[in-house]
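Engineer: What follows is each chain in one-letter form.
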Amino acid sequence: MGGWVILTVLVLIALYFVFAYNSLVRLRNEVDNSWRQIDVQLKRRHDLIPNLVEAVKGYMQFERDTLTQVVEARSRAIAAPTQGARVEAENQLTAGLGRLLAVMENYPQLKSDQNVLQLQEQLTTTENQLAFARQAYNDVVLQLNTRVETFPTNIVANNFGFKAADYFKAAPEEQALPKVDLSLSAPSAPAQRQ
Amino acid sequence: MPQGHADFRELERANRRQTKLLVVVFLVLFCALGFGLDILVGALRIVDGRLVGFPFLTIAALIIGSIQALFSYYGGAALVLMSAHARALMPDSPKHQVVLDVVREMALAARMPVPRAYVIADPAPNAFATGRDPAHSVICVTQGLIDEMDREELQGVIGHEMAHIRDYDIRTMMMIAVLVGGVAMLADFVLRWSFYGGFGGRDRSESGEGGGEAGAIIAILVFVLAILAPLFSQLIAMAVSREREYLADASSVEFTRNPRALLRALEHIAQTESPLSNASRGIAHLFIVNPLEGAGESGEGFFDNLLSTHPPLPRRIARLHAILGEPVILPASGAAHS
Numbered sequence: 001m002g003g004w005v006i007l008t009v010l011v012l013i014a015l016y017f018v019f020a021y022n023s024l025v026r027l028r029n030e031v032d033n034s035w036r037q038i039d040v041q042l043k044r045r046h047d048l049i050p051n052l053v054e055a056v057k058g059y060m061q062f063e064r065d066t067l068t069q070v071v072e073a074r075s076r077a078i079a080a081p082t083q084g085a086r087v088e089a090e091n092q093l094t095a096g097l098g099r100l101l102a103v104m105e106n107y108p109q110l111k112s113d114q115n116v117l118q119l120q121e122q123l124t125t126t127e128n129q130l131a132f133a134r135q136a137y138n139d140v141v142l143q144l145n146t147r148v149e150t151f152p153t154n155i156v157a158n159n160f161g162f163k164a165a166d167y168f169k170a171a172p173e174e175q176a177l178p179k180v181d182l183s184l185s186a187p188s189a190p191a192q193r194q
Numbered sequence: 195m196p197q198g199h200a201d202f203r204e205l206e207r208a209n210r211r212q213t214k215l216l217v218v219v220f221l222v223l224f225c226a227l228g229f230g231l232d233i234l235v236g237a238l239r240i241v242d243g244r245l246v247g248f249p250f251l252t253i254a255a256l257i258i259g260s261i262q263a264l265f266s267y268y269g270g271a272a273l274v275l276m277s278a279h280a281r282a283l284m285p286d287s288p289k290h291q292v293v294l295d296v297v298r299e300m301a302l303a304a305r306m307p308v309p310r311a312y313v314i315a316d317p318a319p320n321a322f323a324t325g326r327d328p329a330h331s332v333i334c335v336t337q338g339l340i341d342e343m344d345r346e347e348l349q350g351v352i353g354h355e356m357a358h359i360r361d362y363d364i365r366t367m368m369m370i371a372v373l374v375g376g377v378a379m380l381a382d383f384v385l386r387w388s389f390y391g392g393f394g395g396r397d398r399s400e401s402g403e404g405g406g407e408a409g410a411i412i413a414i415l416v417f418v419l420a421i422l423a424p425l426f427s428q429l430i431a432m433a434v435s436r437e438r439e440y441l442a443d444a445s446s447v448e449f450t451r452n453p454r455a456l457l458r459a460l461e462h463i464a465q466t467e468s469p470l471s472n473a474s475r476g477i478a479h480l481f482i483v484n485p486l487e488g489a490g491e492s493g494e495g496f497f498d499n500l501l502s503t504h505p506p507l508p509r510r511i512a513r514l515h516a517i518l519g520e521p522v523i524l525p526a527s528g529a530a531h532s
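First to last, the sequence lines map onto chains A and B. If you're matching positions, the first sequence starts at 1 in my numbering and goes up one per residue. If you're matching positions, the second sequence starts at 195 in my numbering and goes up one per residue.
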C-alpha cells in the first residue's frame, strides 16, 4: 500500500517537472520573439526616416539641426559595432524623432501635403509599435523572471539552465526630455539587473 | 509617471477571482437542479450514501444547452456582421489607416496575432469583438467610433476589445449561455412533470434508506429550485458579463499603460451614447458599451443593474479615475455609490 503512495507521489512530482520545464521553455521563446519584434520595429523606422526627412526638408529650412540629428543618429544605429552602442544610438534616435514630430506641429503647411501626412502616420505608428514592443518584452521578461526565481519552479530552472533575462531599460536622456504625447506609453520603468 | 497604473494588475486578479467564483456557484446550482431531477425520475439513486446511476437528464440538458449556445453564437456575431453589412476595414482614408494601425499596436501590446478589422456604418460610437480564440478573431467598429474618437481614445476602446479576445471572454460567455440554457431546460422539465403529477407512484423500493420521505424532500427542493433557478441563472450570467467588462477595462489599461485613453473614450461615449440599430440581446455583451440603451435611460436602479450585461458607465469611469489616483466626481443625478 505504501509503495503505491510513494509511486503516485513520484509520478506527480515528475509531471510537475515536465509542466514547469515546458512553461519555462514557452516563456523563454516568448522573450526571444518579443525581442525580435523590437528589432522589426527598429528596422522599419530606419527605412522610413530617409523618406520623411526628404519630404519635410523643403518646408522646414530652419530646423536643420533637428533633421541632422535624426539622420546622424540613424546612421550610427545602423553602423553600431556593439549591442551597447546600438542601444544607445537607437535611444538617441527615439529622442530625436520625438523632437522632430513635435516640431512638425509648428508647420501647418505640412498638413496639406498628403505624402508628409502619410509618412507622419507611418512614423507615429512605428514609434508606438516600438514602445509597445518594448513594453511587451518587459512584460514577458517579468513573467519569465518570476518563474525562474520563485520556488518551486526555480529548482527546475536552475537544473536546466534557465536564467533571468534583462529588462529593456529606457535611456536617461529619453526620460529627461519633455514628453511628446505621440508615442502613447512611457518607456517602462527599468528594473535594475546586475 | 502616473503612479496608479500598477493597480490594474490588482483589478485584473480580483476580476478573474470573481468570475471563477460566479462560475462555481453556477455549476453548483446547475448540478443541484440536474441531479435532483435525475434522482426524482430514478436515473440516479442514493445507495449507501453514494450517488449511483447515470444522470442522463443533466447530460441531456448540457448537450441541448450547448447546441442552443452554438447556434446563437454563430448566428449572433456572424449575423450582425452580415445583417449590418459589416465590411472589412480598408486603409482608404487617413483615419481608417489610423484605426488599422491602432489595432496593430494593441495586438503588439497584448502579445496576440492581429485580429481582422471590420466596420459597420452606424453613427453610434461602439465596438465589439468576436472569435473563438486569438488566432481567429475579429474586431468590429462603428463608423461613429472612427469619426468621433481620436487616436488615444481609439487605443483605449480597441485595447478593451483586444482584452475580450485575449481572455477568451467570448468562450466564457458561451459556456455561461450553455448553463443558462441547460438550467432553463431542466426547470421546464421539472415544472411539466409536476404539472402532470409525474413524481408520485414510482417504484421507490430500490432507492435505499429513507424511502418515500427523502424522495418527498428532494421533490420539494427540486421544485423550488426549478422556479428560482432560471432567475438566478440570469443574474449570475449577467454578473459574470459585468465582471468581464471590468476586467476588459483593466486589461485595456494594462495594454496602453494609459488609463486616460479608455477614460476619455468612455466619457466621450457617455455624452454621445445612442442605441445601436443593429444589436440584438444575444450579442449585447460583446460591445464595449451596452448597445441597447440610450444615454437617457442608463438605469441606475438596483434591478436595472442586476440584469444588465454591462456595468453602469459612471462606475466604469469612476474605476478608471481611481486607477489614476484622482478624486471621483459622480454625476449629480446618479444614485450610484462607488
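Hints were generated in silico from the structure; no laboratory data involved. Where a beta carbon is used, it is the ideal one built from N, C-alpha and C, also for glycine. Among the hints, a few may not be true.
Unchecked claim - Pairs of lysine-lysine, DSSO-like flavour, derived with a Cα cap of 30 Å: (1) K57(A) - K289(B); (2) K43(A) - K57(A); (3) K289(B) - K111(A); (4) K43(A) - K111(A); (5) K163(A) - K57(A); (6) K169(A) - K43(A); (7) K289(B) - K43(A); (8) K111(A) - K57(A).
To be verified - For each label pair, taking beta carbons as the anchor points, the in silico distance ranges come out as: (9) V418(B) - G3(A): 46 to 54 Å; (10) L501(B) - S112(A): 50 to 58 Å; (11) S287(B) - E54(A): 18 to 26 Å; (12) S112(A) - I261(B): 56 to 64 Å; (13) N51(A) - A282(B): 24 to 32 Å; (14) P288(B) - E149(A): 55 to 63 Å; (15) D242(B) - E149(A): 28 to 36 Å.
Engineer: Does the structure break any of the earlier hints, and which numbers would those be?
Structural biologist: 5, 14 and 15
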